[in-house]
Amino acid sequence: MNMPNESSAVEVSGLSRRFGDKLALNQVSLNVRRGRVFGLVGANGAGKTTLIKHLLGRLKAESGTVRVFGFDPVIDPVAVLSRIGYLSENRDLPGWMRVDELIRYTAAFYPQWDSGYAEELRKQFALEPRTKIKSLSRGEKAKAGLLIALAYRPDLLLLDEPSSGLDPVVRRDILEAIIRTVADEGRTVLFSSHLLEEVERVADDLAMMFDGRIVLAGALDDVREKHCRLVFRFDSPQLSAPKVPGVLSITGQGLEWTAVCNGRRAEATAGAAKLGARLVSEDSPSLDDIFVAWAGAKSE
Amino acid sequence: MNFSIDEKGYSVLVYEYTVQIHVSTGDGVPIYLQIANQVKQLVASGRLAPGDEVPPIRTLAHQLLVNPNTVARAYLELERDGVVQKRHGSGTYISDTGSPLARKERVKILAERIDALLAEARNLRVEPLELLRMIKERSQNIQPQEEK
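Line order of the protein sequences matches chains W and E.
With the numbering used here applied, the first sequence corresponds to residues 1 to 300, in that order.
With the numbering used here applied, the second sequence corresponds to residues 1001 to 1148, in that order.
Next up, chain W with everything else stripped away, as it sits in the complex:
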């Protein structure tokens, strides 16, 4: 399947990357559809930023392929970068510039720069034009970075941990920008986050990464519907976690144990019955619960 897919903004297939002894990306495949919000979830060091750097052409694929709007970012950087609005985790902005200088400087790179929109965002974010970037607060820096990522109305908005270390008010501005980007303009957003709450609010699709691998990917609603949380009660106290087939993780003590499973509910209940346990309650786990269950599953 080497044909560029018209409906995809990003297509990554079989991407691996090694830094010394560490396998930072291990056979990563990912498809971000146009017009969707894609949430990339994972703990620090899971490989999210490394993956994003490949999309920007800042790292070259050691094995596997990376396509953004059908182009290889390393071979066609102009075709790719002119369509991506990028906010890095470290917001690496030139500290010596003033806000208005930063806006003018960035505008010069993009023929499609929308000055009206930039000014609107500047006011909305309450950024003073004459303030030096280096004297902005952490939240203001994030807003300035977001402004220059948004104002040329990129086809793909790429946000690396946009709300990391920010207060709830600034996080709200960022979520609003994401929603506005897709709602009013039908553009694509890919953002990485470890805040499941944000992902649940704004993402259409998500992928969970652990140790350089994507363990789970799909539409958010499907992911939620497929997972279930089951509470089993055993006849006698279990001294260690019972081995129930078909479950991602099982936690508890004594008589009652809570299992999270991904679509294999029947297998789990039948398996638990063989171990002398009965199902006493069942509900839908939150995205947090699902994440924790997978985090436990991969360490086994």
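It is worth saying that the hints were derived from the structure and are not from the lab.
For clarity, every value in this text was computed on a predicted model and none was experimentally measured.
Cβ coordinates follow ideal geometry from the N, Cα and C atoms, glycine included.
There could be a bad hint or two in this list.
Far from chain E by the CB rule (all over 12 Å, computed), these chain W residues [unchecked claim]:
| # | residue |
| --- | --- |
| 1 | ALA219 |
| 2 | SER249 |
| 3 | ALA266 |
Under the rule of at most 30 Å between Cα atoms (straight-line distance), these lysine-lysine pairs were calculated in the DSS-like manner [what the hints assert, rightly or not]:
| # | chain 1 | residue 1 | chain 2 | residue 2 |
| --- | --- | --- | --- | --- |
| 4 | E | LYS1086 | E | LYS1104 |
| 5 | W | LYS226 | E | LYS1136 |
| 6 | E | LYS1108 | E | LYS1086 |
| 7 | E | LYS1104 | E | LYS1136 |
| 8 | W | LYS22 | W | LYS53 |
| 9 | W | LYS226 | E | LYS1108 |
Use these hints to put chain E onto chain W, whose structure you have.
Here is chain E on its own, set in the frame of chain W:
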């Protein structure tokens, strides 16, 4: 709808979507379902009447800070259940058939609560008949307060 004064001092009609919907993340209920359920409850309680317009998808998405597709899915669900109907090019409105459905919805909401209560009672080893007696008793306690 409500009146307000514009900068020139003229009284203008301002259209407002007064429904209050709240979403919470981190409990097992998907956001689209939270929205759909709350609209149903607003209809069941009469706070949304047949013919009332529900907020446009984008407006509600901005207000709740959720993905517009999520709101669209909630509205689709409500449309399928006959709670709302789309009007050509103008918006989404509470259906005229809202009331019989509202009754069904009221029954459904209560049935869920009753099931939960029954399960709780079973765990606490309270027989259904005893539970019924307790409900009657509580009901008699509550009634005088509600009438004043």
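Evaluated hints:
1. ALA219: violated, 10 Å
2. SER249: holds, 16 Å
3. ALA266: It holds; W/ALA266 is separated from chain E by about 20 Å at its closest Cβ, greater than 12 Å.
4. E/LYS1086 to E/LYS1104: At roughly 21 Å apart (the allowed maximum being 30 Å), E/LYS1104 and E/LYS1086 satisfy the hint.
5. W/LYS226 to E/LYS1136: Given pair W/LYS226, E/LYS1136 is violated - Cα atoms ~41 Å apart, limit 30 Å.
6. E/LYS1108 to E/LYS1086: holds, 24 Å
7. E/LYS1104 to E/LYS1136: The given pair, whose Cα atoms are some 23 Å apart, holds under the 30 Å limit.
8. W/LYS22 to W/LYS53: Satisfied, since the Cα-Cα distance of roughly 17 Å is no more than 30 Å.
9. W/LYS226 to E/LYS1108: holds, 24 Å
Of the numbered hints stated above, those contradicted by the structure are hints 1 and 5, listed in ascending order.
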